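Number of protein chains: 2
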Amino acid sequence: MQFYDFRLAPSPTKVRIFLAEKNLEIPTVIVNLRKFEQQSAEFLAKVPSATLPALELDDGTVLVESHAICRYFEELHPEPNLMGEGAKEQALVLMWHDMATLEGYLGIQEVYRNGQEYFKGRALAGPQGYEQIEALVDRGRKRVEVFFDKLDRRLGESPYVALDRFTYADIAAYVYQGFAKRAVGTDPAGGRDNLTRWSEMIAARPAVNTATS
Amino acid sequence: MQFYDFRLAPSPTKVRIFLAEKNLEIPTVIVNLRKFEQQSAEFLAKVPSATLPALELDDGTVLVESHAICRYFEELHPEPNLMGEGAKEQALVLMWHDMATLEGYLGIQEVYRNGQEYFKGRALAGPQGYEQIEALVDRGRKRVEVFFDKLDRRLGESPYVALDRFTYADIAAYVYQGFAKRAVGTDPAGGRDNLTRWSEMIAARPAVNTATS
Numbered sequence: 351m352q353f354y355d356f357r358l359a360p361s362p363t364k365v366r367i368f369l370a371e372k373n374l375e376i377p378t379v380i381v382n383l384r385k386f387e388q389q390s391a392e393f394l395a396k397v398p399s400a401t402l403p404a405l406e407l408d409d410g411t412v413l414v415e416s417h418a419i420c421r422y423f424e425e426l427h428p429e430p431n432l433m434g435e436g437a438k439e440q441a442l443v444l445m446w447h448d449m450a451t452l453e454g455y456l457g458i459q460e461v462y463r464n465g466q467e468y469f470k471g472r473a474l475a476g477p478q479g480y481e482q483i484e485a486l487v488d489r490g491r492k493r494v495e496v497f498f499d500k501l502d503r504r505l506g507e508s509p510y511v512a513l514d515r516f517t518y519a520d521i522a523a524y525v526y527q528g529f530a531k532r533a534v535g536t537d538p539a540g541g542r543d544n545l546t547r548w549s550e551m552i553a554a555r556p557a558v559n560t561a562t563s
Numbered sequence: 351m352q353f354y355d356f357r358l359a360p361s362p363t364k365v366r367i368f369l370a371e372k373n374l375e376i377p378t379v380i381v382n383l384r385k386f387e388q389q390s391a392e393f394l395a396k397v398p399s400a401t402l403p404a405l406e407l408d409d410g411t412v413l414v415e416s417h418a419i420c421r422y423f424e425e426l427h428p429e430p431n432l433m434g435e436g437a438k439e440q441a442l443v444l445m446w447h448d449m450a451t452l453e454g455y456l457g458i459q460e461v462y463r464n465g466q467e468y469f470k471g472r473a474l475a476g477p478q479g480y481e482q483i484e485a486l487v488d489r490g491r492k493r494v495e496v497f498f499d500k501l502d503r504r505l506g507e508s509p510y511v512a513l514d515r516f517t518y519a520d521i522a523a524y525v526y527q528g529f530a531k532r533a534v535g536t537d538p539a540g541g542r543d544n545l546t547r548w549s550e551m552i553a554a555r556p557a558v559n560t561a562t563s
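Protein chains in written order, with our numbering: chain P, 351 to 563; chain B, 351 to 563.
Excised from the complex, chain P in its bound form:
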């Protein structure tokens, strides 16, 4: 089994934290996105989507999409449980993960990839070129505010994002918060007390620390 990773990118970071929380070490190859290594013929032959993270199984199957890869490890190594036990818990983890991704992460990406010279012609991840759209920078900023307001309200009524304990939804939200800090230029925790309390608690977890330092 081989994991394809790049430490600065948010999606592989979700998987890295997930693996550290489960105390798993997987042979890892670094694909340097800054050097466009995901567009090399060698990598594209394995991962046509040109995205990270990717996980190559021993039978040659290649998994992409961070959620799918984490699900794979959750099934193989169920302890500690990170995706919920039983129907309701599993649904809540999935719901908060998907809301964080569709409302938060996609908004951050709009700011990040449409506002920098570096992403010119590559406004969406993958092998196809997409031109930047300037209006998405402002729209993305608004989406980011709306999402972190919602998350802050949620964290005022629940100690963790989806359940009363740490789950994959916390991993996603924490990684997106860090990504927002870097991509949008302000920390979403600023002025949001519940988010501040929660993110300090997540940052203090040994596995999170190992996987992100």
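Simulated from the structure, these hints should not be mistaken for lab results.
Worth double-checking, as some hints may not be accurate.
No distinction is drawn between identical chains; accordingly, a pair holds when it is met within one copy or between any pair of copies.
List time: in silico DSBU-like cross-link candidates among lysine-lysine, alpha-carbon distance up to 30 Å [as the list claims (entries may be wrong)]:
#1 K372 / K531
#2 K438 / K470
#3 K492 / K372
#4 K470 / K396
#5 K372 / K470
#6 K396 / K500
#7 K492 / K470
#8 K438 / K396
#9 K492 / K396
#10 K385 / K396
#11 K438 / K372
Computed from a prediction, not measured in an experiment: that's the story for all the values here.
Let chain P serve as the given structure and place chain B on it in line with the hints.
Relative to chain P, chain B alone:
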């Protein structure tokens, strides 16, 4: 338990097909999006995200996000299995579902919600207003082509989207294909032989027929 539905909308249609395949009937309330009933005070008090589908559990918990709701029913009623058995199958179903959603569905939404007078000021679903961005119509059209080309290639090597049998990934891709037909104005199956063969096979399933007619 109560399911909130609107037959014309793609996301609740995914859940409706899922329930029909599992032979489940859930008490259902229709929320007419054409009459903006999702923005009524009564509905917002239950479902602050103003989105469909929603599922209200007997303990008052409200689930949103189609994937989370389907996962809930998969756990409660595991037969017939629709989300994969074991680690690899589950990961493949999730991977194809997420790719179909992030690459296909989001592209269709860009075309649909940025090009019609009807969605002015509501270019993204939810309670917040977002202005339309004209350039997203063309970008969305390109994303739709790219995604259905990828799906067509996949269906040239696999009888179904994720596994060698019908799963939730087929439900999602089939619903998105129908949504593209309506929203983009051309059937993605046109000129794509594998997609045509597969979509005829899916359309012929009794549960799909019941849930979409």
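So, going through the hints one by one against the coordinates:
no.	hint	in the structure
1	K372 / K531	within (26 Å within a copy, 44 Å between copies)
2	K438 / K470	neither (43 Å within a copy, 36 Å between copies)
3	K492 / K372	neither (35 Å within a copy, 40 Å between copies)
4	K470 / K396	within (25 Å within a copy, 42 Å between copies)
5	K372 / K470	neither (38 Å within a copy, 46 Å between copies)
6	K396 / K500	between (38 Å within a copy, 15 Å between copies)
7	K492 / K470	both (22 Å within a copy, 17 Å between copies)
8	K438 / K396	between (36 Å within a copy, 17 Å between copies)
9	K492 / K396	between (37 Å within a copy, 24 Å between copies)
10	K385 / K396	within (18 Å within a copy, 48 Å between copies)
11	K438 / K372	both (22 Å within a copy, 18 Å between copies)
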